[in-house]
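Number of protein chains: 2
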Amino acid sequence: MAISFKTIQTNMSMEHVQIGFMPPADRIIAENLAQLVAFGQTKGFDFVVSPLNSPEYERVLFKDHGPQSLELATWRAGLEAFRPEDLVVRTADHADYIVGTLPDWQEFDSKDAKVRLHSELALRQQFNWISHLGLGGVMLPYPSSTEPLSNYGRVLTGSLAMLAYTTCWFRVPCMDDTLEQMVDEDMQGMKSWERWNSIRNMAGPESKLGVALELAGSLPSDAVLDRWFAEPVKVIILPEDIFLTNNMGYPVLSKRHQQVVRSFIKHKPTFIISSSQLPKLVMNEFSDDALERGLSSPYADYVRYLHRTQDAPGVIDQFAVGYQDYLQAPLQPLQDNLESSTYATFEKDPIKYQQYELAVERALLDRPIPTEGEDITVIMVVGAGRGPLVNCSLRAAERAKRNVRVYAVEKNPNAFVTIQNMKASLWGDRVTIVFADMRTWKAPEKADILVSELLGSFGDNELSPECLDGAQKFLKPDGISIPANYTAFVAPMASNKLHADVSAFKDLAHMETSYVVMFKAISLLAQPKPIWVFEHPNRQDIPLDKDPLSNHHNIRTGSIEFVSEKGGMLHGVAGYFESVLYKDVMLSINPSTHSPGMFSWFPIFFPVRTPVYIPPNSTVVLDFWRLTDTRKVWYEWRVSCRFDGVEIHASPLHNVGGRSSSIGLF
Amino acid sequence: MAISFKTIQTNMSMEHVQIGFMPPADRIIAENLAQLVAFGQTKGFDFVVSPLNSPEYERVLFKDHGPQSLELATWRAGLEAFRPEDLVVRTADHADYIVGTLPDWQEFDSKDAKVRLHSELALRQQFNWISHLGLGGVMLPYPSSTEPLSNYGRVLTGSLAMLAYTTCWFRVPCMDDTLEQMVDEDMQGMKSWERWNSIRNMAGPESKLGVALELAGSLPSDAVLDRWFAEPVKVIILPEDIFLTNNMGYPVLSKRHQQVVRSFIKHKPTFIISSSQLPKLVMNEFSDDALERGLSSPYADYVRYLHRTQDAPGVIDQFAVGYQDYLQAPLQPLQDNLESSTYATFEKDPIKYQQYELAVERALLDRPIPTEGEDITVIMVVGAGRGPLVNCSLRAAERAKRNVRVYAVEKNPNAFVTIQNMKASLWGDRVTIVFADMRTWKAPEKADILVSELLGSFGDNELSPECLDGAQKFLKPDGISIPANYTAFVAPMASNKLHADVSAFKDLAHMETSYVVMFKAISLLAQPKPIWVFEHPNRQDIPLDKDPLSNHHNIRTGSIEFVSEKGGMLHGVAGYFESVLYKDVMLSINPSTHSPGMFSWFPIFFPVRTPVYIPPNSTVVLDFWRLTDTRKVWYEWRVSCRFDGVEIHASPLHNVGGRSSSIGLF
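Sequences listed follow chains A and B, in order.
UniProt numbering numbers the first residue of the first sequence as 1 and each following residue consecutively.
UniProt numbering numbers the first residue of the second sequence as 1 and each following residue consecutively.
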């Protein structure tokens, strides 16, 4: 069991989707801003997008002034405020209803030093004004030139702190069309991401900068769009002209666009409907356009419809609201006694115990009926908790029509109180309850079937191997362990959010700790692969009826290579498990084989100290170790990357000797 | 001026070079270890190298034992100590005279899990024994297999802490011959470094692991060997058979080998003479070999000879003993008043003031003799300190046979006391002394020549531009500034030592600060290139007779690309300057044009937060900014790397907004 549910507020209320309206920037002037606001409000928009400045403001480039011009020097020295004619947004009226955009003449990476400098000084003047007004937000332009963005990135990184309360979005087309040669949508899509990535890398993990992703008529492949799920995409921009018109004359999106928008809706973005023309109503002109006359914007209505009708959240989703991308340290069941609420939560899992019941039933049917002595099969539930596996075993016995004697072994005194009541009220003589640690218990007889639920998100990370090694000495030589085996899986992953959350602790220890997380804002750079397996009973390493002298046989080493076609930023490693309970009865949280509806385990996240850029078609190597000494078990890991046969990155070894995180054996 | 000389102990004593003797490992047994020690001592060696274990110890691989073997399990559990027959080094006798080596059957990256595990457990047993005995050192074998070294690296990283006082060296051949296909020395040399680098990257910057570099008959190019100067090469191994025999019958090295050994001697390594045969004397047999009978080892004598006869240290070297690789924060002459000792040190520079005197003389000769009014040329020394430039100016005037009136302007009250005495005792009426900040001084007349020494290691990093901008208003319209201009240079560099020293502070601020350093253990990944220049007087940006309204004209942006043929680890950026004092009179600390014998400036070092691997033939991009606000000036920087046209690394922006380091304007 893998998740601790304490301390999290859940919030199931279906929240309102924010939608804004963005007319063509060159049509909005100070004089019609008020109408634009009125239009937005009557049409039911949550905000409108307007240029902050008028074209006049370009004067501050002082194109035809020499460096000694007094005007230029005065402005440079910050001795001159905005002139009214510089601005479209001149007052704080409706400021919180307005998102501002910047002029396109601000070229931060221009070859002309004056243009670079004045663009930067202008940006600082604009940011000052924006936070003075308290605008709802500001959207930064995607650079029109193909120059490297080092100065744009530097200017933004240095200026964002000026925006105290105003959110800041970097506008990115889902496909960059500035590339000279004709290339396909995917390459254009990659280019957009690369440009955003170069800005974001400079800003560093702590940056508050968000992405406003603009969709277009044609779209890159899902593989390319998938990258954006690991990015802080706060806004989706939908141009009106990518909508189709249905036979009722109303705007709708193509199937593909619907599917893409729906996939983003999960991340709760704000939407912006961008229009290529200014609504007549904003010009105070009469409009005979049915759509314009209608009370609310049909485009906004359609987005709300998509939002309303998104696939009803599955069991897991409902269950997990509030846990998404929330970092939790894995449980340490050997060191800490679980709380009743934690047991209660896991006992609710609709799938897990079905599978256990089925596994026990199959195992019972496969067991020969004892010929001599009493006709009874001995089942031992080790780590019985509050008894769910005991119930599974009893139900399975009824279905298999076999007589069973069940032992329920539990070391947690609090849980033991509950199973005492269970025995008294429900189980009676069929169940013998034992208060003991399975590793040290002296069993009165040997078991046909050993049933346990000691798995963690990574399979072995809650010390199931060590516990079952200790328990197998009271399993008959031909006895069955449920589970029979479990396999750990890893995959390289991107997630700015998770890495930023770990970075926020500002210490090495948190960077070398694994976390149980319900993934949301992540992107796998390659499909998960198995790294190691544990099998039970372990007859190969452990003599019959004996305890192992050391735990070295539970050391594991895995070095796995992944080819990442699309590449991206690697922020850490995603971990999963698959387990065979018995024969074909499985439990899995590995995405491709995930047991439908099972929620007891979230994946596990191993961070890397420094995010690593993975070029397209490069090879990611994940080295993992499961190590042990006499007191604890821990993981060490590192990542490296090969490109064109050359190792271009190798991380330091993480969690050397378990210095930052380990699981105690006692 | 760039270096602060306080707080450093200098030590000019020529120290003894440590030399050890290493016989063939397979010839040393417990029984002749004592003779080996005696041999080493009589031959004047400082230590001998011996295998720690006998071949018998290979038993712990338990090749023909199953996992359930009690012997195996007992040993694995650490319940069995060394047996005497396992060991060559059995007692602590002469322990501090012995360096131990490990057996070659320890394969940490074997495909066989048992070999991996037992090799690791053996290493821990060996390290325990080594630190129990207190051996002088331990030398780890270069892996014979071509497998990746991830497990070897992991084992070392985790075990080094066990060696409290014993130094640990990783043995590396200067050329790796395990490569399948025939390749040239350089590729083999690169391979050796790559393998060491992969171990070191795992161990991290704090690791104490050193390198024992083994030379061979043929050697890679200097460019490849150069990489090792940035690594912790603690030992140079010289096999006897790479020596030639001179006509006296004594061993000598080829010219190339001499030059290589001499270049390493600067780094003060220990030497090991390795022999392919066991000296007869160790076998207690009579030897008729003249070399053996001689009192001291002729090989050791030869190394001592090379050490004795290394090129006599130049002025700079003598001067700089104790400063090598020592991090100093740049001076802040505008904020702090320099101490007398600091002035005194710089006034000793044999070259700098020669150049100034020459520049002033040339400038005087180029000045037309005033036709009307008095026949006199006005020289103003701004930042006169204790007066050296005043003396230069007076000497120059005599040589140029010109009448001059010299103004000495100084803001440091302590230095001003000295120039008051100078005027009284030496200068008299020829010199007018002024206690003022040159930026605010109201000059009584205008100067023909403005002389200053405000340069830092990076040229402009001690605010020479800002000071001279303020001073130029009392320079005649056609007046001359000495210096006339200065250019900053940068180069990507490797230096584990410097990066480790900065990392040791464990905070971001030190990673975003530049340091003045006399480089020793570094390797440039490419030759320095200019990034920006300042010219004086600046008539383009600043109106005649006026102060600039803002300092924006002193903002600089540089983005420079370097192709690094050999590649390596990038730990930071090396900074230098070149300055034209007047016409062809130059000052330079740029290696390729360094003014011979000038010691006033060491280079400047800009660290990067995370070391970056630079593949051979990739492109390193250095982005630098010199930025300013009303109170301070600071640098921001970032590095990125392109390989095969793809950006494979981009660092975050360093020192955003001067958050970690800046130079105050007041």
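Keep in mind the hints are simulated off the structure, nothing from the lab.
This one's a predicted model, so the numbers in the text were calculated from it and none came from an experiment.
Careful, some of the hints might be misleading.
Stated by the list, open to error - DSBU-like cross-link-like pairs, simulated, lysine-lysine; straight-line CA separation at most 35 Å: (1) B/191 with A/566; (2) B/583 with B/442; (3) B/191 with A/114.
Stated by the list, open to error - Label-pair ranges, simulated between beta-carbon atoms: (4) A/59 with B/539: 46 to 56 Å; (5) A/70 with B/478: 21 to 31 Å; (6) B/372 with A/77: 33 to 43 Å; (7) A/527 with B/68: 36 to 46 Å.
The beta-carbon is built from N, C-alpha and C at its ideal position, and this holds for glycine as well.
Checking each numbered hint in turn, tell me which of them this model violates, lowest number first.
Those not satisfied are hints 3 and 4.
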